[in-house]
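Visitor: Following the hints, position chain B against chain A.
Order-wise, the sequence lines are chains A and B. So for the first sequence, the working numbering puts the first residue at 6; every next one is plus one. So for the second sequence, the working numbering puts the first residue at 6; every next one is plus one.
By construction, these hints were calculated from the structure, which means they are not laboratory data. Do not take every clue at face value.
Stretch by stretch, here's where chain B covers chain A in the computed footprint (C-beta under 8 Å, at least three residues) [what the hints assert, rightly or not]: (1) 106-119; (2) 392-399; (3) 590-600; (4) 612-621.
Quick caveat, the model's predicted, so the values are computed rather than measured. Using N, Cα and C, we set each Cβ at its ideal position, and we do this for glycine too.
Protein chains: 2
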Amino acid sequence: MWVIAPISAIASILTAGLLYGYVNKQDPGTKRMRGIADAIREGANAFLKREYTVLAYFVAIVSVALAVFLGNPLIAPVYIFGSICSGFAGFFGMHVALKANVRTANASREGLNRAFLIAFRGGAVMGLSVVGMGLLGISIIYALTGNPELILGYSFGASAMALFAKAGGGIYTKTADVAADLVGKVEIGIPEDDPRNPAVIADNVGDNVGDVAGMGADLFDSYVASIVAAMVLGAELGEASPVGLEHIPLIFAGLGIIASLMGVAVVRVGKKGNPGKALNFGTYFTCIVFAVLTLLITYILNINIGIWIATNIGLLSGVIIGITTDYFTSINRPPAMKTAESSQTGAAINVITGFSYGLISLFPPLLGIGLASASAYFISEYFSIPGLYGISMAAIGMLSIVGMIVSGDAYGPVSDNAKGIAEQAGFSEKTIEVTDMLDAAGNTSKAITKGFAIGAAGLTVISLLAAFKTLTKTAGFDLMNPRVLTGMLVGIAVPPLFSAMVMLAVSKNAFKMIEEVRRQFREIPGLREGKEGVKPDYARCVDMATTGALKDLLPASVVSIIITLTVGFIGGIDALGGYLGGSIMSGLIFALLMANAGGLWDNAKKYIEAGAFGGKGSEAHKAAVIGDTVGDPFKDTAGPSLNTLITVMSLVASLFAGLIAKYNLMAFLGL
Amino acid sequence: MWVIAPISAIASILTAGLLYGYVNKQDPGTKRMRGIADAIREGANAFLKREYTVLAYFVAIVSVALAVFLGNPLIAPVYIFGSICSGFAGFFGMHVALKANVRTANASREGLNRAFLIAFRGGAVMGLSVVGMGLLGISIIYALTGNPELILGYSFGASAMALFAKAGGGIYTKTADVAADLVGKVEIGIPEDDPRNPAVIADNVGDNVGDVAGMGADLFDSYVASIVAAMVLGAELGEASPVGLEHIPLIFAGLGIIASLMGVAVVRVGKKGNPGKALNFGTYFTCIVFAVLTLLITYILNINIGIWIATNIGLLSGVIIGITTDYFTSINRPPAMKTAESSQTGAAINVITGFSYGLISLFPPLLGIGLASASAYFISEYFSIPGLYGISMAAIGMLSIVGMIVSGDAYGPVSDNAKGIAEQAGFSEKTIEVTDMLDAAGNTSKAITKGFAIGAAGLTVISLLAAFKTLTKTAGFDLMNPRVLTGMLVGIAVPPLFSAMVMLAVSKNAFKMIEEVRRQFREIPGLREGKEGVKPDYARCVDMATTGALKDLLPASVVSIIITLTVGFIGGIDALGGYLGGSIMSGLIFALLMANAGGLWDNAKKYIEAGAFGGKGSEAHKAAVIGDTVGDPFKDTAGPSLNTLITVMSLVASLFAGLIAKYNLMAFLGL
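Chain A on its own, in the form it takes in the complex (with noise of 0.2 Å):
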């Protein structure tokens, strides 16, 4: 009954490919905004070359590491193939998107209509991308070698891959966005997205190759753990159903991506509908379709209720994380309004108001995720399902509708590029304010989605930890055990140190950035002035962001890869499991922590430029500007790497446990 998984994956990407066919064939617009998305392809492309260069490096050192120490000569090549899934499916995403963003700011000049279905279709691609090849992976080796464990080895391949890329596309984003914001508009008064603004292609590249394929790779990575670890629990945990228990994780997922295609099939905006609206549609759409297709298999199969209760659960769970999430960030919501108001006396006071908020914002998540997992627990015990593995399908429940998830998210860097594009070919008022309407949208459904993300990796490292406990065959991991107790302190050590170390690399390479556009402005005649003819240096502000991200891609993601190993070989096992319970724990807080208050400080710098407490241009925007600027890297470049982080922890520490187990300092010293 598995083979649901595959079929749906195959119709999964033959509708992705349908889809690009559908943006492909629209109108790319004047001459003038095709040179300017030329400009962001080759920028974009150049720099997921290089990416793809260096990390072509990485997989193959680790791919003989693991070929020499793990033993099983299967794990290399699994992980090489979890490691070109993650990149294709990244890289095909950005392809289309990037048609995509030009093609929706032509079609804005007739609505919003049609260029609303070529933004969301681009993101579409994306999102089916990344379930099509995720279960489609894991099918064919499962079906080749019949190993849950195996799986784990192309889960790490997909892990690291979006560590490196949510690393990289993260920092290239927000150095650029953060010197185009910067120098732009508090310092020469043009905006962000004006053709003047040398950093403004690198900050377009930026939205791609960091929103969109790092993104990509991002959920790839969870949507992949989430079911592998469901499957190693239910291989381990044994036969209570009349389907394999690890088969089920497998079927629905299959089911999940059904709903997700309907669910893409019914997005579509009204000519004065609202988009914000339909994208938010089509999620709860998925939602209820996932939630009855597998209410109907579980009949047909006499699956254990427990089973489709817990999955549920997650599901349900995941809405209400998002839709606490949309309270924090949204911008006509208290704690953005009082933000802004917070903005006149000062920037000190708008940052530590918003901080605030996002600290008070993590309190609803992580209860959510602590009921989700308590209730799918002793739900399944009721039901004599294993309450761990209950866990994991609440995680599988979170993640199912993942396709729709990251179809509407992708939509969001389309939008606010074809918006980009708009602007800089000089389009009309009135052109403008369609993309500006289709830019908002993706804003507020990114901030749902982002707490969806969170909480699915929430559920899913949970799960991960579940896995570990159960293939190192481990009594538990007592808080009170010496050895737990020191993990975990160093393991909620690690996730500030890798936020720290992406999040330095941006103030460091804005810096220079920064430094590069002023000079332009002040070495270049008439740029400043806007004279016709006279153009900055795009391509020396691409190429900056460029070398910067590279460079400092590496060393945050290997530097907690060798911790991981490190704390394993030095503490053994209990010493790990604790480690990794307390860089969830931490992750956990700083990924809500900076996406809430990143969108926050967004929106209400937004909610000021709407018309309050002055307006544009008032020492109060002024004061939201640098809020906003403080947010960027939280929200678009360390929070979204933690929940990957803690997945690659976790994996790493599975697929090492034989080893650490045998080998480790404290059981050589007797301890």
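Guide: Positioned in the frame of chain A, the structure of chain B alone reads:
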């Protein structure tokens, strides 16, 4: 033998009295100085009086609740006794600090030597009162009842008091500081301590009610909690030593006081000496004396050497954590210098950079706490002492020298105030320079002692968790137990929630006060120009800060206690254990992050003020002032309250453990 504890406690209190006499007999200076000092004293006393009135109601309500719910008729009286001792130590310390500040300012006219001694001895009164009152209170209860568990009630009284004192004092001090800073330096272009600034007196008052009274209550609380945790564990884990395990904490704490008395006696600075070095020398000297004294008593009483080693591991880790903290916050180290450099590209990059270094700074102390607890555990076990008891003795080791630590810490606000008074009294450049040197030394020693205090709090709450485990006779807190896990996810959300509530209180109240300061500059003719005889309305700012802080004093603290009890009564002992574990982890994260990032921003600003990157008044300086202002509530309001918060949560959990074990929803549902 534990009679050594009350004897040295009484010696400590008597010495505090002598030092008080020394400070009191110094010349309080000119009429103008006394006028300023009187205004500060009036403001501080008015605040404390109103704060203690609010707290008296709270203490009354809680003691009734304790009497009704906990059955034991002695709990309520010891709880009240703890509150009173803590409140008294805070009040007495502040009373002396308010005398010392003006006398230090006056002595500065004759040079560094005596001025330093007055400031330090003024601080030492606080330090010696804290340890004297703390240990005497414990000794009295133990002598009367012989029951270490009852001392938990005393400790809870002290902690609850400390939490409110920190929250109330912290909100007050930063409300005034932020307002004085922002309006004065950035907008109007006059220094913080300028007599024209309407918020200046409120700012001086804040130093005393926040940094002196609040900090004293805070360390009183950690000190008492570490001793009581070790005693409870010692009593439960049995007799492994000729002297009962429950007595050793008292004996070692007594020796710690003797070491601190000797340390206080040797601190002195020559004519051209360095006050920062003198303070640090005092700390190191105290450490060595403590190590030697405890080694002697270990041989004399034939105490297991494992206990001595564990204790001194704690002490050593305290020093190491202090030194790494110093690296991350010190003015002439890369983190502060790079943050200062980044200020050239604006406030946002300054904030991102400082925050990032703050995140990195978590790693060494967390690793240090982890290694300290693990090595204390394993060494104790090696010498046949229960490992958890070893951890609790490491906490005692760290906190043994608290008398000296608080003396150096309280020196900070005294010299800060002295500087303020000297500036307002219009002293010569040379005198101001002397007070500047005194103040700078305070900032250096503050960074080290803050790291020390947080490390100690970390070990203390771990041993409180161990005490909770032992008292509830739980096997352990397994991360994979869904009750523990869910408790933990909620637990990690509480310290951020608490931090946010107090910081929002600061930003709300500062907002109001800034408006008020602006109003005074607008409406009082001649104020900005410093016209002879024109004075701002200081009292109104003092009153605003008082009212604001008192209104926001309770909510954050009460919410934390309510969540703790809710988790317990719903999830039972396991959930509560996980909850405490989680709150310890995130409490440590945010306490360290906020203290270090705050200190770093402060010194980055000072680095620029010393002439780098354009010096005072440059764009870089303006950016650095914003970072510093963000750091103000981080390092002086939210950060330092967190160790008290987690202590309070742990004590509430321990006190209600019996009741919760019997009555909780999960047990009621049969789960």
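Visitor: Run every hint past the structure and note whether it holds.
Guide: Here is what the structure says about each hint:
1. Proximity of the segment 106-119 of chain A to chain B, defined as three or more residues with a beta carbon under 8 Å from a beta carbon of that chain, is not established by the 0 residues found.
2. Here the segment 392-399 of chain A counts 3 residues with a CB under 8 Å from a CB of chain B, which clears the bar of 3, and the coverage holds.
3. Remark: the segment 590-600 of chain A is confirmed as covered by chain B, as 5 of its residues place a Cβ nearer than 8 Å to a Cβ of that chain, reaching the required three.
4. Against chain B, the segment 612-621 of chain A contributes 0 residues with a C-beta closer than 8 Å to a partner C-beta. That does not satisfy the three-residue criterion, and the hint is violated.
When held up to the earlier numbered hints, the structure conflicts with 1, 4 and fits the remainder.
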